[in-house]
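> Residues per chain are reported as follows:
2 protein chains.
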Amino acid sequence: MTQFVYLFDEDGKKGKELLGGKGANLAEMTRIGLPVPYGFTISTEACNTYYQAGKRLPSEMKKQIETALHHLEGRTGKKLGDTRNPLLVSVRSGAVHSMPGMMDTVLNLGMNDETVEAVASLTYNPRFAYDTYRRFIQMFSDVVLHVDGFYFEQLLEEVRIAKGYTTDPEMTAEDWKEVIEGYKELVRKHAKKDFPQDPKEQLQLSISAVFDSWNNQRAFVYRRLHKIPDDLGTAVNIQSMVFGNMGNDSGTGVAFTRNPSTGEAKIYGEYLINAQGEDVVAGIRTPQPIAAMETAMPKVYQQFAETCHLLESHYKDMQDIEFTVERGKLFILQTRTGKRTAQAAIRIAAELVKESIIDKKEAILRIEPEQLNQLLHRRLDDAKERNVMAKGLPASPGAATGQVVFDADEAERMAKDGKKVILVRPETTPDDIHGIVAAEATVTSRGGMTSHAAVVARGMGKACICGCEALSINLKLQQIAVAGTIIEKGDVITIDGSTGEIMNGEIPMIDPELSEEFQLLLTWADEERTLGVRANADNPEDAQKALEFGAGGIGLCRTEHMFMDSARIPVVQEMILAETFDERMEALDQLLVMQQEDFELIFEAMKGLPVTIRLLDPPLHEFLPDKEELLVEVTKLQLSSSFSEELLEKERLLRNVRKLDECNPMLGHRGCRLGMIFPEIYEMQVKAIFYAICNLRDKGMDAAPEIMIPLVGHVNELKEMRQLVIGTAMEIEQEAGQEFNYQIGTMIEVPRAALTADQIAKEADFFSFGTNDLTQTTFGYSRDDAEGKFLSTYIENKVLPENPFATLDQEGVGKLVELGVRLGRETKPGLKTGICGEHGGEKESIRFCHETGLDYVSCSPYRVPLARLAAAHAAIKQAQKQGESRELQLH
Amino acid sequence: MTQFVYLFDEDGKKGKELLGGKGANLAEMTRIGLPVPYGFTISTEACNTYYQAGKRLPSEMKKQIETALHHLEGRTGKKLGDTRNPLLVSVRSGAVHSMPGMMDTVLNLGMNDETVEAVASLTYNPRFAYDTYRRFIQMFSDVVLHVDGFYFEQLLEEVRIAKGYTTDPEMTAEDWKEVIEGYKELVRKHAKKDFPQDPKEQLQLSISAVFDSWNNQRAFVYRRLHKIPDDLGTAVNIQSMVFGNMGNDSGTGVAFTRNPSTGEAKIYGEYLINAQGEDVVAGIRTPQPIAAMETAMPKVYQQFAETCHLLESHYKDMQDIEFTVERGKLFILQTRTGKRTAQAAIRIAAELVKESIIDKKEAILRIEPEQLNQLLHRRLDDAKERNVMAKGLPASPGAATGQVVFDADEAERMAKDGKKVILVRPETTPDDIHGIVAAEATVTSRGGMTSHAAVVARGMGKACICGCEALSINLKLQQIAVAGTIIEKGDVITIDGSTGEIMNGEIPMIDPELSEEFQLLLTWADEERTLGVRANADNPEDAQKALEFGAGGIGLCRTEHMFMDSARIPVVQEMILAETFDERMEALDQLLVMQQEDFELIFEAMKGLPVTIRLLDPPLHEFLPDKEELLVEVTKLQLSSSFSEELLEKERLLRNVRKLDECNPMLGHRGCRLGMIFPEIYEMQVKAIFYAICNLRDKGMDAAPEIMIPLVGHVNELKEMRQLVIGTAMEIEQEAGQEFNYQIGTMIEVPRAALTADQIAKEADFFSFGTNDLTQTTFGYSRDDAEGKFLSTYIENKVLPENPFATLDQEGVGKLVELGVRLGRETKPGLKTGICGEHGGEKESIRFCHETGLDYVSCSPYRVPLARLAAAHAAIKQAQKQGESRELQLH
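Going down the list, the sequences are from chains W and Y.
Take the first sequence: its position 331, counted from the start at 1, is 331 in full-length UniProt numbering, and no numbers get skipped.
Take the second sequence: its position 32, counted from the start at 1, is 32 in full-length UniProt numbering, and no numbers get skipped.
Simulated from the structure, these hints should not be mistaken for lab results.
Please read all numbers here as calculations on a predicted model, not as lab measurements.
Each hint should be verified, as a subset may be incorrect.
In silico DSBU-like cross-links for lysine-lysine, where the CA-CA straight-line distance does not exceed 30 Å [to be verified]:
no. : chain 1 : residue 1 : chain 2 : residue 2
1   : Y       : Lys798    : W       : Lys659
2   : W       : Lys419    : W       : Lys843
3   : Y       : Lys762    : W       : Lys815
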């Protein structure tokens, strides 16, 4: 018989896979002696059983819940539904991975028309009792009976106004009683049934509702976003209630053991006096900083600070703690590893090493490589004047500029159209998550640093400002009134999440710098990793940036980007459209001078580190005017009656464009196929490289380029191009009386190259896997076409587990990479191999590259730190795995 | 020390790799006691040495030639340059593979001002002696000194006219002396030196010239056409001359032991009285049929017939023999396996089996699969009236219609422009070979069945008519006068190479039928082959044809060809452009009825044999109007001032066309990606298949379709489409109360499918390798773009050994096919596998498929016989190889 229910103080440590993160935590906290309100957990297994049974609680499960409830009643001395000493419980979701606010919770369960009286007399506080009862009705009706919370808010507002109150605390017990009657009427009207008075029925319905909430829309979106499998299920935690709203010696709060935004080692959080937990998280009332508690309740604060320390030592990481003070007594409701910004993550990891709590490897593993992107975003230029309109709480760092929108759906729509938007809301709820994802940043006028918007934004590394009460948001008019101006929907604002400042219009941004801790952590990572990291850079600026970020060289310098420069494109076009060989050579001579300068500057910037230069790759028609535009122009000119020189010229151009036009340019006349048919182009590029080196040497510097022939499919192509490079280099060597150091290699980017890598290796000094094109040809996907036509549907429907252009497809494309490396090294042991597709900057793909034995990855300069870290992760994890398997063998 | 020179009667049998075909033959004929003029062979190895030495004869080689010459002089009792009894020799090329007429020959070498007198007095025939001398000067000057033959012809013509003669035989000895003086003058003028009188110098120069001719243009073209490697080199044969021009008891001829056109077992050939061999081959004089020799020289003919029989028994194949009769004595100058038409090849092979000279397997191997194409060409409809203008010799069978051209270069040019041409010449020379290749057929007004044009055309399986003297060809005016009409260049004529008839205009053609011997041979092939042969057929007519040609089923039925029908395309467009789901379903319902009928007729035609139906494959925009045309129309309509409904409509259409437009349609939204996004289309097709079977069953027939999902790259695609097919089939099964037999399989046509074939096999009942697309994606070549842009250059320059779209690239694409088969069968042992690209009809690719263990190939109906034969070749050769390696192991 399966055990579905586990008591918090049950013997034997069960994992969070079974109990969910929250349940396992509560059990563990109970075990280490923390003041946790008593309760039990219904397992994730039970959730799956519930779904398998057609969303019903099987009788066996009901029986186990009943037993656990008895136990709980015994422990607390209270009884569910008892009219003298009633037990009230919370019913909370608790999945394996934290999904803050995504699923449902019911508090104060056990309240009914009779128990409310008991609570009133036990607490000598009828106002509290009726307030709690009405909260329960509202929450239960929303979560279980699906009656929209709006109706209840509306009714409450009406009563308040009728009484002439402005805030809830003004409401009396009698007022709440009146509200409760209204609430019950609302339930009858919208749920078509009476509000259930039987606490056991309340409990069963709530458990089912929490299970159901595993599959609600926002939980589904969140899981997709965080790559959490759909079949894990959630546990349900039943816990006796404690009350932070029992007067001014009560309160509730949320705190982090360190600052989740900066990482500073100081308790950071907020609390509300005389309130229940949901008031803090929902961000409806702006709470006080936790420091205020030190003054208000010094003894409790002291106990809390000690608990924080205990928890951090125990879990060896910064904790996110929910607590309640009931009449001066501290209860810990929940603790979990706190979400943090990348900046904080790095500082915390580095400081935990200094405090000898964790070691360097652990510190490295603590930083998710993808998080680093946050730190490498551009930020506002401090030198520029900021015209600050308003200032809120700096809830999540980062700068952003965008058009104001007031609605999550709208934010998503506009972002899909390629617009940058900033979502502005009075507060956000879990239903807004898709809008926060789509927006550059989120701003709220209510709620604190631990409000929904703040937590979610920090988790995603998006800038966020909360509780900016200076903003008067009118959702109906779609306007913000602030500092005497009106901001309309669509107006551009800029925000700085690190300061909480909101500015009108666009503010210039500058490149990021790496913090000291960040640099330190990357140094640690470099000690661990064996995989080299290079950068893709096509100009001296990018080369400079790559060096700053710690690249070990340039793994891909795309020479066509140099051709695309607006000053050069006319010369490139002359070269392409030349009608005689002499005309072509003349244009090439001009390009030679330009390319030579490019290379010289790049070599100079790289200070002797390896630079892999790919010779011209794209089809020539990419440099010519658009065919359709020309066609329209020609058609128009043809229709105009007068003869025109322009027409003749355009017609000629159109003919030329058509001559180069291709049905499938991706599979057309490009890569080394250009060099094979127009060797003079490659010759020019090779000359530019070596002339650049001559110049460099005159200045006392040097470079050892790695010349890369793209799109080789047959060894004979590489053989011929290799001879061209060597021949050209020799000419210049003789001319200049010098000798050059260089290597000649190839991209492996069509399947045939990987399949015949043993032959190709004979002519290659190195391989660089061009996994962008290799993915296109291996799948038979044109990236330009696939995304809009079918690929997004494939990913959404899980036909493909991942977008293969973002994460290397190890099953298919990866097999070719492995084969290419293996065959290549059969011919040339130790053949240098790298990867220069976009995958070179993606964590999972980097791990694959490490495990496949590649020498290096090359990625965009901004992803170099990520790659360094991910490469260290791969090395550490592989070593751990090998250690484990060695241990397994020993036992 | 290398032996470069071999005597004909030297001990030890050397192969033709060393001696060339002709040299090995002469040695062998000498050995079996045939009357062969004595001589020796300079080896192919010597040729390569000659090239390595910078086109010089090394002194060692010269010394060996000298020794052999001494030997020859001893044997014949004659001496080179001797003024009393001079030796005259021929110097002929002789490569490993026969290359008729492609390389150079020098006859009558040894003639000079002194030896000519000796010959005159020895033969009592000064006229013959001076004629021979002038022939020698002419030939030597052309071949060795590069003085164009035209000058000599012109001078001869002038002398003849001056003397008032119309033919050469009227010339006297004195006339020839005059011509000789003129010839010497010509040599002095054009070669800037005297005609060499030293016979040893003549010999060395001639040997060098023959070596040089290995690399002349026409030999190069011929080798490329017949796929002969360039580095084999040619041998040179030095042989004492015999003279067919020593009077009316002398003659020369060429004969086949069987008819090379029809295969009939009867000596077939031609001879000329009082002539030298070149007169026959060059086709300048029209010779007499060999049968005439029986009357003219019965004894010699008897000896010749016996020799033919002896040679055929010895070589076990039909022989092509050159002979000379010198004053009543028969000499065999050369014998080789005779080239023949496919028709003749089949009849000869079949009859040699009946005559117990060879066995069935040998007979099968005797037929080159590619040859069969000739027999499967359409031929003239006998039922239609032929208006025959002229009749020549039926030199090579087959019918052809085309525009008349008079020049080989022009023929090539026009053919490149896609025109069909018939090359008409007074005679052809080896320099015309590219024109014969390009033309549909060749017609000459001079020359016989063994003339150059005839031999070359038969070898290529092209129709040819020779010696059609009724044609009066005027090359200057580019006209033919015939039967009172004038045919201009560009006029269309039709010829029948089997009858020699030439008709004005175009004559309707009908489909070929297979001869009895052909059927018999294919039956033998079927007994040997293990590889199945299916046909690609998209309609009932093709299905019918496939069955006739012996296909074992349909391996690929492309359903989109059914969509392309002009009556259907509007409905297809409606379906594509539908703006609501209902509109789309309405169009699909119409298409359902049409497709159902298609399938019904195809199933009916195939009589229960397997039919593999591929669901819709091409991108939808292929069914829509051309974007550029629309753009021009819209631009024009926009410019016209008046408002027009048409404009709105066209604009809407253009928008829709653009929406479906793709950058790389080959890699775009096609294949199963259509079925995944628009399942209703595939559902319609599946319904059509099963409704067709229901109808068929009502008529007492049945079908077991193999439904094929195209372009699968990930197993999940196939899984989903498989469920769609099964679901749809089940619906109809329930509806109709029937059960269907069917299989569901997939095309393996992107590399990823082959790489993950183990997974894909879980969902597949069969694999069909779509090697057209697999070649495109493996190489990264768009077939539409590659050919014109770089692929032809690649093939010409041998960057690629073959066109991978014609012959399967075994190194790359083949590796994926092997992997796909292996992985697929790891999951499903015995998984049915086939190939349905164009490679399925190509000999080498078929051999690969056999060796890789595929179950079948599928090709166009007309290539089915070829595939049956090629599959038998593959099986027999594999068995032979295994036998050999078994023998090797035993020894």
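> If a hint holds in the structure, say so; if it doesn't, say that too.
Hints, verified against the model:
Proposed proximity of Lys798 of chain Y and Lys659 of chain W is supported: the alpha carbons are some 25 Å apart, at most 30 Å. Our distance criterion of 30 Å between C-alpha atoms is met by Lys419 of chain W and Lys843 of chain W, whose separation comes to about 28 Å. Taking the CA atoms of Lys762 of chain Y and Lys815 of chain W, the gap is near 19 Å; set against the 30 Å cutoff, the hint holds.
Taken one by one, the earlier hints all hold for this structure without exception.
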